[in-house]
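Undergrad: Mind docking chain B on chain A? Use the hints.
Each chain, written out:
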Amino acid sequence: MLYQSDEVLLKKASKGEEAAFIALYERYKNRVFSFSYRMLNSIEKAEDVTQDCFLFLIKNPSRFDSKRSSFITYIYSIARNLSLKCFNSHNYELSVSDFEEDYYFSPALELKQVLDKELSLVIEKAFSRLPSNQKEVLILTEYEELSLSEIAIITTTNIGVVKSRLHRGRENLRKLLLEYYSNNNPFTLVRKI
Amino acid sequence: MRKEAKNNLDNCENFSNLDSLNIEEKELKTILSSWKTLKPSPALDKKVLSAFHKKQKESFFYKFIHSSIKVPLPIAASILVLFLITIWFSIANQTSNLNNNINYISKEIIETRQNQYTKISEENNNMLSNNRNIISKHISKEIITITKNKKNYSQLRKSNSNKSKNNIQTDSSNVFRLQRPYLLASNFEKQLVPLSNSWLEQTLSLDELESNYKKPSKYHPHISLNKQANCNNNLVFPVMENYNYYVPLSISNIEKYPVKLILNINNKSVQ
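From first to last, the protein sequence lines stand for chains A and B. Per our numbering, the first sequence runs over residues 1 to 193. Per our numbering, the second sequence runs over residues 1 to 271.
Don't take each hint at face value.
A partial selection of chain B residues facing chain A, derived with a Cβ cut-off under 10 Å [stated by the list, open to error]:
#, residue
1, 27
2, 28
3, 32
4, 49
5, 52
Each pair of labels, with its calculated beta carbon distance range [unchecked claim]:
#, chain 1, residue 1, chain 2, residue 2, range
6, B, 62, A, 63, 17 to 25 Å
7, A, 161, B, 60, 42 to 50 Å
8, B, 66, A, 156, 20 to 28 Å
In silico DSS-like links for lysine-lysine, alpha-carbon gap of 25 Å or less [to be verified]:
#, chain 1, residue 1, chain 2, residue 2
9, B, 36, A, 117
10, A, 12, B, 47
11, A, 15, B, 70
12, A, 15, B, 55
Think of the hints as simulated: they come from the structure by calculation, not from any bench. Think of the CB as a built atom: it goes at the ideal place given N, C-alpha and C, for glycine as much as any other residue.
Only chain A is shown next, with the shape it has when bound in the complex (with noise of 0.2 Å):
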């Protein structure tokens, strides 16, 4: 089962076989949680994204074409279309307030755990006030690895937009992280009250 190519095992899940469902969900459910939580910054709604994400897979096995993407390019874009759908229907506002006295209040933590979490925190800040365009497509470099026409796909746009959205977005990190650069090292970075 686990040598099987996606396509097979797709359709067998959507006829029903657990076992395939099982193989195809364990491939990406790592993937498509963490652009999913990266893309809302909330664990509640990166699950509930996945979970739709993979029953939209099995409800709708035919909307699949693998003559026209491949597969990992097929469930990124549900997965961005959940995620953008669910962030502009609620309203939604990104907050890591939550995450800060998770991080800051747990004395079990050594230095260099917090200085992470810190750091890491100070990341997502600066993801969260980038344009939701600019976001995805650095996600989807920077962290799910995909190349330029894998994104154009996804985001159903083309490279060259892609790489100018890929720039503006970098610029507009390097801006909000600038305190950061001070230091070649970032991580000896101090959080600044």
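TA: Below, chain B alone, put in the same frame as chain A:
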């Protein structure tokens, strides 16, 4: 030499810029890589699996009810327009058919009515002709009786002339009694019957009677039988010799009141 030196300097600057860009990108990447996400909770696995099982247990009817299709707006609009056009045409055809049916039914009704009317008119004509025949027979009988009476009257007149002028007496034998006609149609309820010497002697057909009725002259006064018949059932009116008189015969009244027709000739009461 100077140019080469300049080019070298420019190249050095470009390289330094590229290096700085690459360094910045690398720095950015290293910074971004520190943002690590949590792994999905095991509760999510259970949740997704239960949703999968729930989906598999869905009945065909539930799937059918909750199924949906996406149709592009132009296609949906064109389908809607076509649907409306077909409905409009069907309604128009139905109304035209209705009108045709109404026209057809009205025509049929008119034709049937016309047929009925023609049948009734034919029946009426037949009845009319039968009645005419019957009336003519009765009138001929009447004429015969009147001619007999006329002979008697002439004989009586001759005998009276021999008698004194003031001693004219009436005799019941001189009464011109019109037998009560029967079996008359309602069409001839009020018929003027010409009464004259010439008429008395010849048998007139009903058409001739009608033609005479249509041409009344002032010398031939019409006498209403309705009024006269109330006076002891005797119809008395003055009669001049050699004149034609039309005696109105109201059949209904004759049936009710048997009439005795009394003719006064030259203001002399002669019955």
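Undergrad: Output the numbers, in ascending order, of every earlier hint that fails for this structure.
TA: none
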